[in-house]
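So the chains spell out like this:
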Amino acid sequence: MKIERELMRGAGPVAVLRLLQAGEMYGYELAEALAQRSDGLLAMGHSTLYPLLYNLEGKGHIEAHWTTAESGRRRKYYRLTDAGRRRLAESTEQWRTLARAMTGLGILQPTGGSA
Amino acid sequence: MSGSVTRRLCTTPLTDLCRGRLSSALDVEVALDDDLPAPLRDLVLRVVGRTRLWRNEKVDVARELASHLQEGLDAGRTSEDLVTSFGDVALASKLIRRAKRRARPPLVRAFVCARNGVLAILGLCLASYLLLSARYAIASPTVAHDYVAELTAPIRAVPEADRAWSVYLEALRAIPPFRIDGVLETPAYAAHGEPGHEAWVAYHATTTDALALARKAAAMPSLGYIPSVEPEPALAAIRRARGDEVAPMGTVTDYDIPTIAIRFAHLPELRRLARHLASDAELAAVEGDGGRVVENIRAILGIATQLREVPSLISELSSMSVASLALDTTMHVMAVAPDALSRAQARDLSHAMAAFAGGSFVLRYDGERIMFDDVLQHVYTDDGAGSGTVADIALLRSLGSGRPSMLLDVATPVLPVVVEDRASARLTYERILASAEAARAQPMWERDLTEHDRLVEQLEASKWRHIVVSTMAPVFRRLIMQPDLFEQQRDATLCAIALELHRRDTVAYPASLDELTPGLLPTVPVDVHTGQPLCYRIENGRPLLYSRGIDRDDDGGTPPAGGVSGAMQWMEPDHLQAQFSSAHGRRLHDGDWILWSPGR
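Protein sequences, first through last, are from chains A and B.
Per my numbering, residue 39 is the first one in the first sequence, and the count goes up by one each step.
Per my numbering, residue 1370 is the first one in the second sequence, and the count goes up by one each step.
The reader is advised that the hints may include incorrect statements.
Stated by the list, open to error - Pairs of lysine-lysine, DSS-like flavour, derived with a Cα cap of 25 angstroms:
#: 1; chain 1: A; residue 1: Lys114; chain 2: A; residue 2: Lys97
#: 2; chain 1: A; residue 1: Lys114; chain 2: B; residue 2: Lys1585
#: 3; chain 1: A; residue 1: Lys97; chain 2: B; residue 2: Lys1463
Unchecked claim - Far from chain A by the CB rule (all over 10 angstroms, computed), these chain B residues:
#: 4; residue: Glu1398
#: 5; residue: Asp1457
#: 6; residue: Leu1488
#: 7; residue: Ala1489
#: 8; residue: Tyr1505
#: 9; residue: Ala1581
#: 10; residue: Ala1588
#: 11; residue: Arg1632
#: 12; residue: Arg1873
Claimed, not checked - Cβ pair distances, simulated, as ranges:
#: 13; chain 1: B; residue 1: Leu1500; chain 2: A; residue 2: Glu67; range: 54 to 62 angstroms
#: 14; chain 1: B; residue 1: Glu1449; chain 2: A; residue 2: Glu67; range: 16 to 24 angstroms
#: 15; chain 1: B; residue 1: Tyr1498; chain 2: A; residue 2: Trp133; range: 29 to 37 angstroms
Keep in mind the hints are simulated off the structure, nothing from the lab.
All values derive from a computational prediction rather than experimental measurement.
Every residue, glycine too, gets a C-beta built ideally from N, C-alpha and C.
Just need the whole structure built from these sequences, with the hints factored in.
So this is what it looks like as structure tokens:
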């Protein structure tokens, strides 16, 4: 199932921030993680992922640095900033509120706990 | 690998410099790894190339995309698969561009925004300028009216027999050149005992026929000189014979507006004849020939009257100047030979002077109006409703400094937007003229120039808007005052004649001017500066007649320290006061204007 663009636009940034909460990641790694951990639902191509990362970087939610991996390949790693952490917390709360509302409407099934 | 070597060779520091780049670090192609397959390399270059980002931003994005694609290859994906899964290249470029630009520092964004704003404004200005240039190139004035014909129509209507100009030409032909030791000189009267008196008398004797012709011409009803843009051959021949430099035939002016290009070649010639007549009057007075004195002064006044026939400001001012010569000559005659004139001759002269210009010299601006309308039709387009826009600035250039001006060249197409339109220019000119005429109608001591000065200030404040009017409008402030000073001189001359007649009748000058009325003067003359009677006193048995001057104080008949030469010095108090004060550190007009003080 393909998620509509508007929904992706809201979900994409918070998903990326959530992944980076665990530690710094580079672009390809992020793309793979998004695809795997969302069963392919939040899989992003270059055309979506990198603009999203540059936007978050521009807003100061993440920061990037180039590193040379053991394989000798240069990678650009992204990590969460303090502002990004605050943003993630806010977004998470908003999504939860939304989920509760959706559950109340019977659109989502109650899971009995929070993520 | 060979491609890599070639590329490295092509991006040495020297070749970078030749390509106008300080370093190849900002070269996207160089930034990509050599082992990236061609399709992927091409994909990255296409995406990055379309972002139109700054060079360093492009390199950063290219490196990151290339790294991503390499990871994909390392993970076992094929180039084709990676290209397919990349997504829409155009959309990716657009989103990357937008995101990267948003990520730029606020100061940089502000600078770019300002730069783009400036460029947009410049572009808009350029486009407007091009449009205006096209409009200016297409527009052209419509010259529909022959104003020279209008100007000269009344003169052409005069019968040939009544026209004096041909007689004046005869008189001019009959005047021989005045040479001293073979050098051409301007003839100037030298009184008995003065240096050059004998030479002047000898020369003057040769002008008798010419002066008779001049007197005859001056008594005719019309001058009959028809002004033209072309030099008059007969006059040119006279001037050439006299040794004057004469402009080649056909050389008119740099601009082609007939009323402005008109030659008033008759003016200096008639002034020359008037000076000869004045000299002859002075000689006649010394010789005791009162009849000839009157004839000559009457002739000078006749010339002054005829000069007003051509409606133009320069003719009006020349007329006033020639009439002033008649007044000065009379004053001088009364001073050096007070008994030269009989009572009847003195009265005759008084009546002639009193009647000049209808008794009150009012400057007429008809010629200026005609000239201004001619300028308008040569400078502006005609929209058929009395207005139009500036379409030809050749006149403004000619009447300006005359020097090439790059600023004016560039500004020319914009002038129709900046300079007031034809109807407005006409209105502005008429307002200034009307204010000058209204001020002139007031007595000098009550004159209020506020409105006139306000209008002139407006012209100066919006120089470009009113450039046509400010180029063409004369300095009215001086023109407003000039006739008053002439009238003061005339009143003083008539008063001087009356004083001399009174002295003859009673063997003494009167104690007060009141004694002259009504027998010798209709009224006591008024001081133009105060509106009070002119000041008069007897000093050492001699009369002293004076105006209080522009400071309106009676300084007892004491002229300003340092002296004042000429009536015109009493004209523009504020202006002259400021100039003189700054130059000499004292007030110019702290004194009286001495009008008549024989033997003082």
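Taking the hints in turn, this is what the structure says about them:
In summary, the hint linking Lys114 (chain A) to Lys97 (chain A) is supported, as the alpha carbons are separated by about 18 angstroms, within the 25 angstroms threshold. For the suggested pair Lys114 (chain A) and Lys1585 (chain B), the alpha carbons sit about 111 angstroms apart, so the restraint of at most 25 angstroms is broken. Restraint check: the Cα-Cα separation between Lys97 (chain A) and Lys1463 (chain B) comes to about 18 angstroms, which is no more than 25 angstroms; the hinted pair holds. The Cβ of Glu1398 (chain B) sits about 17 angstroms from the closest Cβ of chain A, beyond the 10 angstroms cut-off, so the non-interface label holds.
A cut-off of 10 angstroms between C-beta atoms contradicts the statement that Asp1457 (chain B) is not in contact with chain A; the least separation is 6 angstroms. Listed as outside the interface, Leu1488 (chain B) is consistent with that label: its C-beta sits roughly 24 angstroms from the nearest C-beta of chain A, beyond the 10 angstroms cut-off. For Ala1489 (chain B), the shortest C-beta to C-beta distance to chain A comes to about 25 angstroms, beyond the 10 angstroms cut-off, and the non-interface label holds. For Tyr1505 (chain B), the condition that its CB be more than 10 angstroms from all CB atoms of chain A holds, with the nearest at approximately 49 angstroms.
Non-interface call for Ala1581 (chain B) relative to chain A: holds, since the shortest CB-CB distance, roughly 103 angstroms, exceeds 10 angstroms. For Ala1588 (chain B), the condition that its CB be more than 10 angstroms from all CB atoms of chain A holds, with the nearest at approximately 99 angstroms. Listed as a non-interface residue, Arg1632 (chain B) keeps its Cβ farther than 10 angstroms from every Cβ of chain A; the least gap is roughly 78 angstroms. In this structure Arg1873 (chain B) is separated from chain A by more than 10 angstroms, as the shortest Cβ-Cβ distance comes to about 110 angstroms.
Judged by the Cβ atoms, the range 54 to 62 angstroms given for Leu1500 (chain B) and Glu67 (chain A) holds: they are separated by roughly 58 angstroms. In this structure the supplied range 16 to 24 angstroms holds for Glu1449 (chain B) paired with Glu67 (chain A), their Cβ-Cβ distance being about 22 angstroms. About 57 angstroms separates the C-beta atoms of Tyr1498 (chain B) and Trp133 (chain A), a value inconsistent with the hinted range of 29 to 37 angstroms.
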